Structure formats: C-alpha cells, structure tokens
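Student: Residue-level listing of the chains:
There are 2 protein chains.
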Amino acid sequence: MKINQFSIIKTSPQQEEKELQQLHLLDQGDLQLEPTALWQKLLTRVHTASQEPAAIHQWFYDLLASPQQSLEDWFSQRQPLTDQIFYVIALQLLHFEAGLDFDPADPLAAINKLNMPHRFHDQWTNHDVVDAWYLLLATRGKNGQSFIDDLTSQGLFTWTYQLPAKQKPLWFNGKSLACFDPHKFIREVVYVETDQDSDFDGKADLVKAEIVRPADTEDGLKVPVAFTASPYNEGTNDKWGEIATHDVNQKLSHKPEGKAQSPDEMMPQLPQNHQKVNGEAHEASETFSETPGYTLNSYLAVRGYAIVYSAGIGTRDSDGLLTCGDYAQVNSMKAVIEWLHGDRKAFTDRSSGIQIKAWWCNGNVAMTGRSYLGTLATAVATTGVTGLKAIISEAAISSWYDYYRENGLVVAPGGFQGEDADVLCDECFSRTKRAADYQRIEGLNSRYIKAMQAAEDRETGSYNKFWAARNYRINFEHIKCDVMMVHGLNDWNVKPVNVKRLYDALQGLPVANHLILHQGQHIYINAFRSLDFSEMVNLWLGEKLWGQHSHADEVLPRVLVQDNVTPETWTPYQNWSRGQKLQYFFNKHSMVDTDAVPDNSGSFNDHQDPARFKQWCSHIDQWQRELVSTDNKFSIRLFGPTADHDTLLRGTPMINLRVASSKNYGMVSAQLLDFGDAHRLTISPQLINQNGLPLGYQWKYDNLREFKLQKAVTPYKVISYGHINLQNRHGAGVNSKLEAKQMVDIKLPLQPIFHHLVKGHSLLLVIFSTDFGMTLRGNDDITYTVDLGNSSLTIPSTVQLN
Amino acid sequence: MKINQFSIIKTSPQQEEKELQQLHLLDQGDLQLEPTALWQKLLTRVHTASQEPAAIHQWFYDLLASPQQSLEDWFSQRQPLTDQIFYVIALQLLHFEAGLDFDPADPLAAINKLNMPHRFHDQWTNHDVVDAWYLLLATRGKNGQSFIDDLTSQGLFTWTYQLPAKQKPLWFNGKSLACFDPHKFIREVVYVETDQDSDFDGKADLVKAEIVRPADTEDGLKVPVAFTASPYNEGTNDKWGEIATHDVNQKLSHKPEGKAQSPDEMMPQLPQNHQKVNGEAHEASETFSETPGYTLNSYLAVRGYAIVYSAGIGTRDSDGLLTCGDYAQVNSMKAVIEWLHGDRKAFTDRSSGIQIKAWWCNGNVAMTGRSYLGTLATAVATTGVTGLKAIISEAAISSWYDYYRENGLVVAPGGFQGEDADVLCDECFSRTKRAADYQRIEGLNSRYIKAMQAAEDRETGSYNKFWAARNYRINFEHIKCDVMMVHGLNDWNVKPVNVKRLYDALQGLPVANHLILHQGQHIYINAFRSLDFSEMVNLWLGEKLWGQHSHADEVLPRVLVQDNVTPETWTPYQNWSRGQKLQYFFNKHSMVDTDAVPDNSGSFNDHQDPARFKQWCSHIDQWQRELVSTDNKFSIRLFGPTADHDTLLRGTPMINLRVASSKNYGMVSAQLLDFGDAHRLTISPQLINQNGLPLGYQWKYDNLREFKLQKAVTPYKVISYGHINLQNRHGAGVNSKLEAKQMVDIKLPLQPIFHHLVKGHSLLLVIFSTDFGMTLRGNDDITYTVDLGNSSLTIPSTVQLN
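Keeping their order, the protein sequence lines are chains A and B.
So the first sequence is numbered by this note's numbering: it starts at 1 and just counts up by one.
So the second sequence is numbered by this note's numbering: it starts at 1 and just counts up by one.
If you are wondering where the hints come from, they were derived from the structure by calculation, not from laboratory data.
Small disclaimer: the values here were computed from a predicted structure and weren't measured.
Any given hint could be a false lead.
Copies of one chain are not kept apart here, so a pair can be met inside one copy or by any two copies together.
[Stated by the list, open to error] Keeping only pairs whose Cα atoms sit at most 25 Å apart, straight-line, the calculated BS3-like set for lysine-lysine is: (1) K433 / K41; (2) K10 / K113; (3) K251 / K741; (4) K759 / K711; (5) K433 / K113.
Working from the sequences, and respecting the hints, build out all of it.
Tutor: Printed below as a string of structure tokens:
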C-alpha cells in the first residue's frame with residue numbers, strides 16, 4: 001500500500017511540544033531524559049490496553065526491534081536511538097506487518113515504498129525524538145487512519161471529554177481531535193419556517209431539521225455546523241419510483257424549428273400567513289434516535305461539529321412539495337442555514353408557535369454530502385447565503401439538464417434509464433410516510449407531478465424554462481463560500497461535466513477552491529485507505545468554521561487526481577486542463593494527428609434485428625462489447641495511433657462532425673476509449689475491512705475500502721462519451737431545421753477527462769447513434785453518413801509523462 | 001412481505017398487565033377508562049419523539065384511520081374501538097405503508113396477507129385492548145424487529161438503565177428487554193490457563209479472552225455468557241493463506257490396498273510448569289476498545305448477557321499453535337467456559353501471576369457463532385463441559401473430513417479450491433501480528449505445519465488418524481447441552497452433511513434440540529426481515545441461561561425450514577427425513593420410478609481439450625453450464641419424470657452405481673438438480689436497509705436483509721452432489737483393490753436435501769468425474785462405464801404437497 005497525506009501542516013518545535021503536552025503525551029520533565037529513555041516514555045504513554053508494568057513489559061517483548069531482537073531486549077542494551085529502530089517500531093505501531101509490509105532487516109526501505117512521512121537523523125536528540133513522534137502521531141497507518149486517531153478510537157483521550165467546554169476543541173497539527181463524548185450528544189428536532197408556500201395551503205412551509213450537537217454546547221461552547229441537505233433522509237418510495245420510470249424504447253421525432261417550448265410548471269407562491277409566535281423555548285421538545293447519516297459527518301461530530309440534516313420541502317414531517325432541485329427546494333435548505341446563523345425563525349413543533357433559536361451555534365456552517373445532497377450544497381452556495389462558509393460538493397449536479405438531458409436529447413444518468421425529474425420526486429416525496437398527511441396532499445401532489453411531466457418535456461428533450469430553473473450555473477457568480485469539489489472520473493451517474501463547469505467558474509471567483517478527482521463512480525471517498533480525505537476536511541473546516549490559522553488553502557492541493565494506472569497514487573496538479581492541445585483528424589478507420597485527411601466518408605445504420613435489440617435492452621454490457629469489439633454496421637470505429645509515451649489527456653474532448661441522417665431527425669453518440677490490454681482498477685472500491693474504520697471511541701464505524709487492480713486483463717475502457725440531437729447543433733434550447741440527408745456540422749463536447757494513457761495503448765473513438773445505456777432507444781431504421789474528412793477530435797491538454 | 005414469528009409465547013392476561021405496568025406502559029388507573037380512551041392513552045405513551053401535547057396531536061393528525069380520516073378526527077368523534085381501527089393504526093405503527101403494504105379501506109385483508117398476529121373482537125373491552133396491545137408490542141414490523149424492540153431502539157426504555165441491578169433483566173413475553181446501558185459496558189481482558197502445552201515451551205498455554213459485561217454486574221447482578229470461540233478474531237493472514245493454497249490441478253493415482261496410512265502430526269504435550277499465583281485481583285487490568293463481533297452477540301449484550309470472545313491457542317496474545325479443530329484447540333476454548341464456571345484459573349496478564357475470577361458470571365454459558373466458530377461450539381459441546389448449557393451451532397463443521405475430503409478424495413469447500421487444514425492454520429495463526437512473538441515461534445510453527453501437511457495427506461485423500469482427531473461425531477454421545485442448529489441448504493462451503501449428522505445423532509440423546517434450515521449459503525440469518533431468529537434465541541437462552549420458565553422448547557419448532565419456492569415462507573416440521581421412500585431406476589437418458597430397467601450402459605470420458613480445461617479452471621460457471629445444459633461427452637445426464645404435484649424431497653439421496661474406470665484408479669461425481677424454468681430465490685440475501693436494524697438504543701446496527709426472487713428465470717438449480725474415489729467404496733479409510741475396467745458397486749450418498757420440487761419440474765441426475773469447483777483436476781484421459789441397469793437413486797422421504 002501507499003500512504004498519501006495532504007493534510008499534514010508544518011509545525012514549529014515549540015508548537016509540537018505544546019500540543020503534545022496538552023494531550024498528556026509529553027511531560028515537562030521528559031526533555032531531561034536521554035533520547036532513548038524519552039522515546040521509551042513516549043511509547044509507554046500510548047499503550048492503551050493497560051498501563052500495568054507487566055503489560056507494558058509484554059508489549060515491548062512482542063515488538064520486533066530487529067530480525068533477532070525484541071524491543072524489550074533492545075532497551076535492556078541501552079543503545080542510542082537510530083532511524084532504524086525508531087521506524088521499525090513506528091511501522092508496527094501503524095499496524096504494518098513484518099515480512100508482509102516491511103523487512104525488519106531494512107525498515108527504511110519500507111518507509112520509502114509506503115511513502116511514509118519521516119525524519120532521519122544521524123544522531124537523535126531529544127528534540128528530534130519529540131518531533132519525529134509528533135509526525136508519527138499525524139501519520140496514517142495500514143488501517144486508514146492516523147496514529148493519533150487510532151489511539152483516540154482505542155480510548156486514549158476519553159479524559160478530554162471532561163475538559164471545560166471552552167477549552168475545546170483540542171487541536172493537533174491543525175486538525176480537531178475527537179474529544180467530544182458521542183454518548184452525550186443532544187439530538188433535537190426543530191421546524192424552520194420558510195418564506196414560501198409550495199403546497200398552496202396559504203401557510204409558510206415549515207421544514208424539519210434534525211440536529212446532533214455535543215453536550216459541551218450546554219456549557220457555553222458555541223460550535224459550527226456540518227449541514228447535509230438530503231431529500232432522501234426521511235425515507236424513499238422505491239416502489240413508486242419503479243412504477244413511475246418512463247419507457248425509453250421510444251423513437252425520436254422531428255422537432256419544429258425554433259426556440260424550445262416551455263410548458264408551465266406549478267410554481268410555489270408567497271405565503272398568506274406565517275406561524276404566530278406564542279413564546280420561546282431554550283431547548284427543543286422533540287428528539288429522535290437515528291437518521292441516515294454520512295460517515296464524514298459522524299467523523300466531524302466527535303470533533304466538535306454540530307451535525308444538522310434536513311430533507312427539505314415535500315418530505316416526511318415537512319410541508320411543501322418535492323420539486324427536484326428548483327430554488328423552492330434550495331431555499332428551504334437555505335432557510336436552515338439562516339436559522340443557524342440567527343436570521344430566521346424556527347419552532348419546537350408544527351403548531352404551538354413556540355420559537356427556538358440556534359443559540360449553541362457559532363454561526364458558521366459547511367454543507368456536506370454527495371449526489372443530490374452535494375447538488376443542494378452547490379445550489380445553496382449560489383444563493384450567497386450568510387453563514388455558509390464552505391461546501392464540500394461531492395458528485396454534485398450543477399445543472400439538472402446535464403443530469404437528465406443532453407444537447408436536445410433525453411439522456412439518462414448511467415444505470416437509471418427512464419428516470420426523470422418527476423420520477424425522482426416520486427421517490428423522495430416522503431410525506432407518503434405519514435399516511436393521513438399524504439391523504440390530504442395526494443391530489444395536489446398528483447397535479448403538481450403531472451404539470452412537471454409536461455414541463456420537463458420528454459418529447460423534445462430540449463432545454464427550456466423548467467431546466468433553466470434547475471441550472472445553478474446561471475448563479476455561480478453569487479457563490480461566496482469556499483468550495484471543495486470531489487468527483488469520480490468514472491461517475492456515469494452525475495457525469496463529470498457537472499463538476500468541470502463548477503470548477504471552471506470558480507477559477508474566476510474570489511473564493512478558495514479545491515478539486516479532488518478520483519477513479520470511482522458515484523461514491524464517497526472518506527473511507528479510502530490511501531487518502532487522508534477526512535483529515536483534509538478536518539484541516540480545511542478548522543480554518544473555515546473555527547477560524548484556525550492553519551493555511552489550509554495553501555497546504556491542500558488545488559487539484560488532486562487519483563491515477564488510473566497505478567493503485568493508491570494521488571497527484572497534485574495546478575489545474576485541470578491547461579496544456580498542449582491535441583487534434584486528431586479522421587481516416588476511414590483511424591485517427592491521425594498529422595494533418596487533415598483527404599475526402600472520405602463513413603456510414604452506419606442504427607437499426608437492429610428485433611431479437612438482438614431486445615436482448616441488448618436488458619444486457620447493456622453485451623451491446624457495449626459488440627459496439628467496441630466488432631467490425632459492426634451500426635458504428636464507425638476510429639483508432640488513434642499507438643502511444644509511444646505515457647501521456648496525460650485532460651479537459652473536455654470536442655468532436656467536430658459533419659454528418660447527415662437519412663431522416664429529418666437524428667442523434668449522434670460518441671465514445672472515447674482507452675484501447676489496450678491492462679489490469680485496470682476495479683470499477684468499485686474493494687472492501688478491505690467491514691466496519692474497520694472507527695470514527696471515534698465507541699462511536700460509529702465505516703467500511704475501509706480501496707481500489708485494487710482487477711485480476712483479469714481488460715481490452716479497453718470507455719473514458720468519455722457524449723450525445724447530441726442533430727437539430728440542436730446550435731444549442732440545447734434551439735431546435736434547428738433538419739432535412740433528410742442534409743449534411744450538418746455539429747460540435748459534440750464529450751465528458752471531461754483526466755486520463756493517463758499508457759505507452760502502447762491508443763485512443764479509440766466510436767461514433768454511433770443509440771446508446772442503450774443512456775439515450776432513448778427507438779430502433780429506428782436511420783442511416784447516418786459522416787464526412788470524415790471534415791471531422792476531427794480535439795483534446796485540450798496533453799502532458800507527456802516520463 | 002410476510003411476518004414469521006415463532007418466539008411469541010402464550011401469556012395470561014394477568015401476566016400481560018403485570019409486564020406492561022412494569023414497563024410503565026400501563027397504569028393501574030388505565031383500566032377504568034373506556035376502551036377507546038384506554039387505547040389512546042396506550043398510544044400516547046409510545047410516542048418517543050416528544051410527549052408534548054402539540055406533538056402528540058400532530059402525530060394523531062398524521063396517522064390514517066380510514067381512507068378519508070385522520071386518527072385525530074376519529075378520536076374527536078368518540079367512536080367505539082373496532083378491529084378495523086385498531087389494526088389500521090397497528091399497521092402504521094409497524095411501519096407498513098398505506099397504498100403499498102395495505103389498503104386503508106381494508107386493513108384486515110393485509111393482516112392476513114402479512115401473516116400478522118392479531119386479535120379480533122366484535123366488541124372490544126378494556127382487557128381486549130390491553131391484550132391486543134401486548135400482542136402488538138411483541139409483533140414484528142416492516143423493519144425486521146418487534147414493535148417493542150423498535151421502541152427500545154428509539155430510546156423509550158432508557159430509564160430502565162437506572163433500575164437496581166437485581167431487578168434486571170426485564171422480561172417481556174419471555175424475552176429479555178434491552179435495559180442494559182451499552183455506553184457503560186465494561187471491557188476487559190483475561191488470560192485463561194489451559195492444561196496443555198501446544199507450543200512446546202514447557203509452560204501451560206495461556207489463552208486470551210475478551211469480555212464485555214454490563215455495568216450492573218458491579219452492583220451485584222450475575223449474568224450468563226454468550227461465548228464465541230473465533231480463531232479469526234485476533235486477525236487473519238490472508239496473503240499467507242493465498243500463498244499456502246495448494247495446486248489442485250493434480251492427477252489422481254492408484255492407492256495401495258489396505259487401511260489408510262496415518263503419518264504422525266506433532267501433538268501437544270502436558271505442560272511441565274503452570275503459572276505461579278502471586279495474588280488475586282477483583283478487576284482486570286487490561287481493556288480493549290473493539291473486537292470483531294457477531295451482531296447476535298451485540299443484540300444479546302444490551303439484554304443482559306456478558307459477551308466473551310476468544311481466539312484460542314495460536315492466535316495473537318495467546319500461546320500455542322493453530323491446530324485446525326483438533327481437541328487441543330477445542331480444549332483451549334473449553335478452558336474459557338471452565339473459568340467462567342469457576343473451575344479454572346485465569347490471570348490479569350501473561351506474566352505477573354495475578355489471578356482473576358469471573359465473579360460476575362452466573363455460571364451459565366451459551367456458545368454462538370457460524371462456520372469455524374459454530375464448529376468449535378459443536379466441538380466444545382462434545383466435551384460435555386460443565387457450565388455450557390446451550391450452543392447455537394450455525395453452519396458448523398461436525399467432521400473436518402467432510403470439510404476438506406470426501407469418500408477418499410480431496411474435495412474442497414465450495415469456493416475454496418486448494419484450501420486445506422494447513423492453509424487455514426496459516427490464515428488464522430495471528431501470532432504473526434506480534435512481530436517479536438512470531439519471530440520466536442516461527443521455526444516451531446513451520447515444523448508443525450510441515451508435519452500437518454504430511455498428516456492431512458493430500459496424496460490419497462483417505463480418512464486417517466489426522467481426520468479422526470477432528471471428527472466430533474465420535475463424541476456426539478457426550479453432548480450434554482441443548483443445541484440449536486442453523487444451516488443453509490445451499491451452503492457449499494460447510495456442506496449440509498455436517499448438520500445432518502449432528503441432527504441425526506441428537507435425536508437419540510436426552511438434550512433439547514432445534515434445527516433451522518434456510519435457503520442461504522454460508523450466512524448468518526439474524527438480520528432477516530421475515531424471521532424472528534434473534535427473538536427465538538432470546539426466548540431460548542432466557543430459559544437455558546436465566547432459568548425463565550417460558551417452555552421455549554415446546555414453543556420453538558423442532559425443525560424449521562425456509563421454502564425454496566415462495567419468498568419469506570418458513571414452515572415448522574417434526575423431522576428432517578421421515579416419510580415415503582422414492583427410488584429411481586436408470587434408462588439411457590432418463591430416470592424412471594416404475595421398476596428396474598433392463599440392461600443398458602453409458603459411458604463418459606473425463607479429458608478436456610487443454611484450452612477448454614484451462615478456461616473452465618478459472619470460470620467454473622462455464623463448466624457447470626456445459627455440464628448440465630449440453631449433450632456432452634464427459635457426463636451422463638438422466639432426467640426424471642416431470643412432477644405432476646408439488647413435492648417435498650427430504651433426506652440424504654443415495655446413488656447405487658455399478659461403474660468401471662479405464663484405469664486402476666478413478667472418481668465419480670454426481671449432481672442432483674431441480675430442472676425447470678423458474679424465478680428462484682437470490683443466491684445471497686439482498687440488502688434491504690444498510691444498518692437498518694438497530695440492536696439497542698445508540699448501540700450497534702445490522703444490515704437488514706432478505707432473499708428475493710431473482711429477476712431472471714433460471715433453467716435449473718443444483719440441489720445436491722457427491723464425490724467418491726472408486727477405491728474407497730468400502731470406506732474413506734479403506735483403500736480397496738481396483739483394476740482397470742473392473743466393474744465395482746459403489747454407494748454414493750449425496751448432500752442431504754429438504755427441497756420443494758414444483759409441479760412441472762423434474763429431477764436431473766448428472767454423473768461425471770472431475771468437479772471443477774471441488775475435486776482435484778487431473779484432466780486425465782479416463783473413460784468411465786456405468787452399468788445403468790444395475791444402478792439407482794433413492795431419496796429417503798417424499799411428501800406430496802397440496
């Protein structure tokens with residue numbers, strides 16, 4: 001394995017000693033000891049199982065100092081401390097195994113191989129011991145957590161629970177320690193009043209918020225909040241979603257020329273009445289036992305953050321309708337932040353009018369969460385709401401048009417054919433979970449969903465008012481908070497274009513921002529063994545929400561990317577796509593980077609034999625294999641030259657295509673592949689240890705995970721793709737004229753990439769029409785003709801590696 | 001879904017009222033109220049989120065009383081209580097959803113469909129209300145737990161944590177309630193001294209035991225123990241196991257005639273020295289934070305059981321070697337029980353000689369755990385050790401010969417080709433995790449493993465002294481504790497023969513026993529939504545370890561079997577295999593149940609083209625498909641008649657075969673299949689809700705699971721199989737003479753079955769040689785000839801259904 005840590009900050013010797021003393025890991029008198037004796041003392045203090053001399057003795061007796069000697073023996077010989085002895089023990093403390101992870105005869109070789117932070121000295125002084133020990137405590141081990149967090153989860157710091165509230169949190173290397181007792185957390189529910197009436201009952205919508213805060217807040221500590229806006233949190237209607245899913249086996253049709261139609265959706269109104277205030281309570285009257293949570297929040301909870309969840313309008317115990325990402329939903333989440341910041345009312349229940357304030361909050365909020373949750377974090381950020389200091393936007397949608405549509409086409413998120421905005425509303429509308437409440441709202445909600453079905457417009461797939469209302473990019477300029485973005489380069493659900501557009505926009509704004517691109521699909525990365533993501537967040541939020549001066553933005557990489565070739569390799573970059581442009585021109589069956597190729601053309605027909613069509617509809621992998629691996633009649637395959645160097649390909653690949661459809665409508669899809677045999681990373685991270693990552697002492701656990709290399713060799717990997725309606729060549733909201741056999745020029749941007757193409761591999765571009773996994777599937781008998789000589793592929797940035 | 005509850009006991013009205021009062025769910029005065037008012041009061045008491053009137057009001061307002069009315073409205077009309085209103089609310093309290101799980105216009109239809117325990121009355125009296133409420137509290141809901149456990153995990157009973165220790169546990173319907181505060185658990189480590197020296201250092205082996213016990217034990221409560229013997233618990237050496245795995249692509253060879261050889265293994269010796277006692281401590285000096293646990297134990301922990309884990313000899317922090325199931329390992333686990341019962345010494349650490357007693361234990365122990373863990377429970381039971389009152393033996397090996405061998409052949413557990421006793425030792429020998437300890441024991445351990453490799457004898461696969469030492473069946477007669485057996489009918493890892501032999505033996509012993517057969521592979525069943533397994537255990541152990549008089553053995557089924565056709569269907573039976581015998585005779589390509597068929601014979605050749613052989617070695621599913629679905633040359637396929645009724649087939653199918661090999665050695669394998677298109681149950685239980693099953697309040701969680709019907713239709717399913725060496729036709733330990741082409745009569749028992757064959761399906765018997773998933777794979781050019789006219793298949797018990 002490899003250790004990748006980006007959250008360690010440079011700390012002065014004085015500060016190191018101060019922090020160690022504060023944690024009772026170093027005594028004033030210790031520095032009078034000889035280095036070896038000092039080290040022995042430091043070691044003794046972290047033996048959490050027992051402080052009895054017999055137990056410490058046994059521990060030293062079982063630690064290996066050299067291939068033939070225990071640490072007990074080594075101590076008995078009163079030798080001077082060396083790099084060798086310090087690090088052979090350090091490796092064992094970090095749970096690395098002799099013979100497996102390191103050779104006890106040469107521990108320093110392992111330090112290098114593991115990429116482990118270290119200090120080497122010819123002669124170790126007392127201060128060297130303290131400094132190296134400090135660094136070791138901040139270092140991550142084989143179990144995916146830093147040594148100090150490991151000790152914390154073994155209970156070494158439970159004494160800090162009793163510290164006076166105002167002395168907390170305790171900071172170690174710029175990061176907050178788990179010194180808040182999870183068994184004393186206060187769980188409460190409040191109902192935040194919004195300024196809108198999205199269920200047309202005349203009253204301002206109330207939204208429920210669930211709060212978990214440390215007991216120390218009762219003793220005067222004011223804490224910041226990690227807030228997750230999750231429409232899923234009050235339950236989902238999976239069966240309903242299934243029923244509502246649309247049939248995608250539909251033919252495309254010709255669209256009348258002109259701007260796309262915008263059928264009306266039902267819009268929330270201003271409330272006629274607000275709740276009358278009848279008094280105020282200091283403590284909430286409603287509690288809860290458990291809510292679906294994000295483990296990163298649980299990690300933060302024991303480190304002094306209040307955690308707040310809200311499912312927003314249209315969910316169980318809240319008012320309103322589910323509106324799929326429009327600003328009614330966004331504002332219901334923003335309202336929670338306004339309450340936390342002291343700018344809005346909330347009540348202890350839904351009817352008594354007893355107000356309650358977030359007096360325990362320091363007014364600073366970060367939003368967390370992935371997918372719909374990260375989407376709402378991004379959306380709330382575009383409101384510029386006061387109090388929101390930072391968002392960690394993971395796998396977030398930045399425009400819903402790019403989630404359910406593309407370039408004038410209905411295009412599904414990968415794996416969710418037939419889903420659409422209305423389906424997601426059905427799935428999340430958890431007011432169904434209160435049967436009488438649902439009985440009262442059912443009729444209205446049905447009318448609302450019907451209007452949404454018209455407004456989302458699956459007929460044309462064009463961009464209209466409905467999608468504009470769910471396009472946060474329009475409001476990117478209003479973002480005032482700092483942003484950490486996390487996205488999977490293989491996320492076919494929320495596609496990378498979403499984060500690329502946010503990243504690009506943020507480069508022009510006066511806010512700090514960081515981007516992490518991983519090799520996963522639609523996943524969380526806080527339990528990866530190879531990356532200190534949670535600690536990065538800890539460091540970052542310490543500065544943003546607690547006002548720590550850790551220089552987090554300078555320490556953390558601007559762009560951090562997981563390599564797709566070598567496991568556990570994370571590399572910082574300055575940007576996503578600056579660099580040397582690469583352009584390929586098209587031959588009959590190949591791409592060449594030399595120059596435009598003389599006139600040549602290709603064609604393909606999109607129709608499949610019905611049996612085959614049916615088979616592929618339910619076995620998309622078979623279609624994919626056929627598409628790429630065979631000399632078929634339904635695509636054009638263009639192989640690029642074999643790479644003679646490892647190369648980094650970055651940015652948004654752009655295809656220029658001159659193409660005609662045999663009918664007066666049509667769509668073109670493209671896939672860009674890394675072609676060449678390789679053991680590639682597993683599609684999903686592999687479980688290393690179920691519940692193997694404790695988030696505190698006797699608290700919650702996460703499953704430790706990591707991508708590994710697949711055992712099997714695979715011949716290729718799709719790295720990018722795109723789809724376009726030939727009538728939308730001038731914009732997704734503009735339906736252009738198209739006649740049968742009319743040659744048109746289209747520009748098709750593919751999903752942005754950050755891809756390491758190894759020497760000996762080549763790019764393969766496949767041009768086709770129906771994408772069985774994402775587009776509508778009309779099985780239409782259309783022939784497409786491509787003027788290859790007037791077409792090309794451009795990749796914005798290439799960097800030659802080694 | 002369907003509710004299957006077998007743990008509900010009949011309770012008198014007086015007892016019901018007493019238990020409800022004890023839990024503060026019923027007041028003395030309540031019975032003076034009208035039934036409706038009484039019911040309203042009972043409801044109010046279980047609203048855990050808030051006891052504020054406004055919140056209760058809101059709750060009633062959101063509960064649906066009829067298709068057009070909330071419970072709030074219904075109460076306002078002061079109507080008499082009816083079945084309809086009681087159960088439409090009951091369904092909602094159990095988290096069933098209107099429109100999805102029940103029709104609010106006809107809730108009683110759902111009660112039937114869900115198989116929900118209920119009481120109907122024409123006119124509800126006060127006592128009816130209390131009785132129905134009591135039953136409802138004991139009833140399981142949609143989230144896989146009883147209503148009372150649901151309320152417990154919402155925190156309704158945290159006040160019971162403060163009850164005087166001696167008033168605990170609290171019993172509800174014969175089962176212990178979660179009234180022990182998990183945040184106050186005491187975690188301690190002791191070192192139990194055995195009477196053996198398995199690492200030849202002259203000293204009695206010490207084994208580490210990890211204890212979790214309720215704080216109430218400090219206040220005088222003596223508690224029973226759920227003890228799990230798990231060699232995995234101190235860590236595993238997966239990489240080592242991988243390296244040690246044997247190559248199974250080996251040819252069979254001829255064995256010399258006679259009794260199987262028994263090479264010596266290194267046997268543990270009697271210790272020369274025992275630890276000197278230097279004093280005694282009341283409390284342990286060593287603690288721990290976490291140990292890999294079984295969620296059933298965590299469920300029991302908050303219900304008043306101390307939980308003890310030990311990994312036994314040869315694991316981290318213990319002495320000794322890993323011996324793979326022999327009585328040295330078994331006795332090291334038995335020693336822990338002897339200590340718990342007060343019959344053996346333990347120490348606070350490994351060297352000081354400070355003794356410690358299990359003064360907090362009531363002397364009653366149950367063993368729990370699956371696979372190796374359940375195996376050791378079974379094995380310890382055969383020692384008849386005092387204090388062991390019950391074992392829950394899940395997916396347990398009863399003879400290791402049946403785990404790694406079969407009828408004179410090396411046969412792997414399904415999915416673990418090449419594993420053997422020595423490999424498992426390598427995997428579990430966690431003394432590697434203490435590098436210096438391992439350095440001291442490495443040489444000895446290597447010699448031990450080498451001797452084991454000889455003794456286990458992969459050359460002949462015959463039964464010898466090594467396997468006899470790991471055959472607990474020899475000692476079944478010594479079992480004194482009660483036994484609950486759980487096994488998957490599709491467990492190809494620990495095969496069903498293991499539990500069948502234990503079950504059969506127990507029928508002749510004076511101990512209570514229960515058998516649960518499920519449709520899973522090698523899994524736990526305590527988080528199934530459809531079955532109250534944890535509650536069954538709670539009820540059973542309440543009687544066995546606490547001395548409750550709940551008549552658990554009469555209430556719990558003797559044999560409980562999950563149906564393989566209809567999901568969520570569990571049926572009690574009186575026995576496994578009593579019934580009408582079924583015999584099939586063989587035709588050229590079919591089996592007939594009429595009478596012996598005149599002379600006919602078949603033959604097959606075991607050799608495969610090398611490319612195909614190689615492919616199948618790594619893609620066993622392809623071999624399996626080819627074996628069953630094609631008219632191939634390497635097997636004989638015999639189809640039985642099409643079933644004209646649904647039929648239950650039970651017991652151990654036996655094949656009588658007259659067969660010859662073209663060489664002077666050979667093996668025959670057979671598979672019995674259910675042939676016919678069907679949506680079968682999923683191979684593994686599907687996740688319904690990650691961490692969706694709380695085991696207490698703010699405590700641990702399990703993943704709620706259930707088998708569902710597969711979306712795809714499958715043409716067949718293997719339901720049984722067997723393998724035999726032609727030289728072992730007279731016993732696994734007796735190698736008989738065999739000449740090339742010599743016709744011999746063999747009896748091949750297949751794995752025992754309990755299978756529902758549906759009308760229209762048929763049995764298919766396939767006879768072949770190499771089983772790519774389990775046997776050695778020599779790709780030998782052997783032709784087998786079968787005298788079909790003198791062969792047959794017998795199934796001990798058939799029962800015609802409907």
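Student: Hints first: check each against the structure and report whether it holds.
Tutor: The hints, checked one at a time:
{"no.": "1", "hint": "K433 / K41", "verdict": "between (58 Å within a copy, 23 Å between copies)"}
{"no.": "2", "hint": "K10 / K113", "verdict": "within (22 Å within a copy, 66 Å between copies)"}
{"no.": "3", "hint": "K251 / K741", "verdict": "within (18 Å within a copy, 66 Å between copies)"}
{"no.": "4", "hint": "K759 / K711", "verdict": "within (21 Å within a copy, 43 Å between copies)"}
{"no.": "5", "hint": "K433 / K113", "verdict": "between (53 Å within a copy, 21 Å between copies)"}
Violation of the numbered hints given earlier is absent; every hint is satisfied by the structure.
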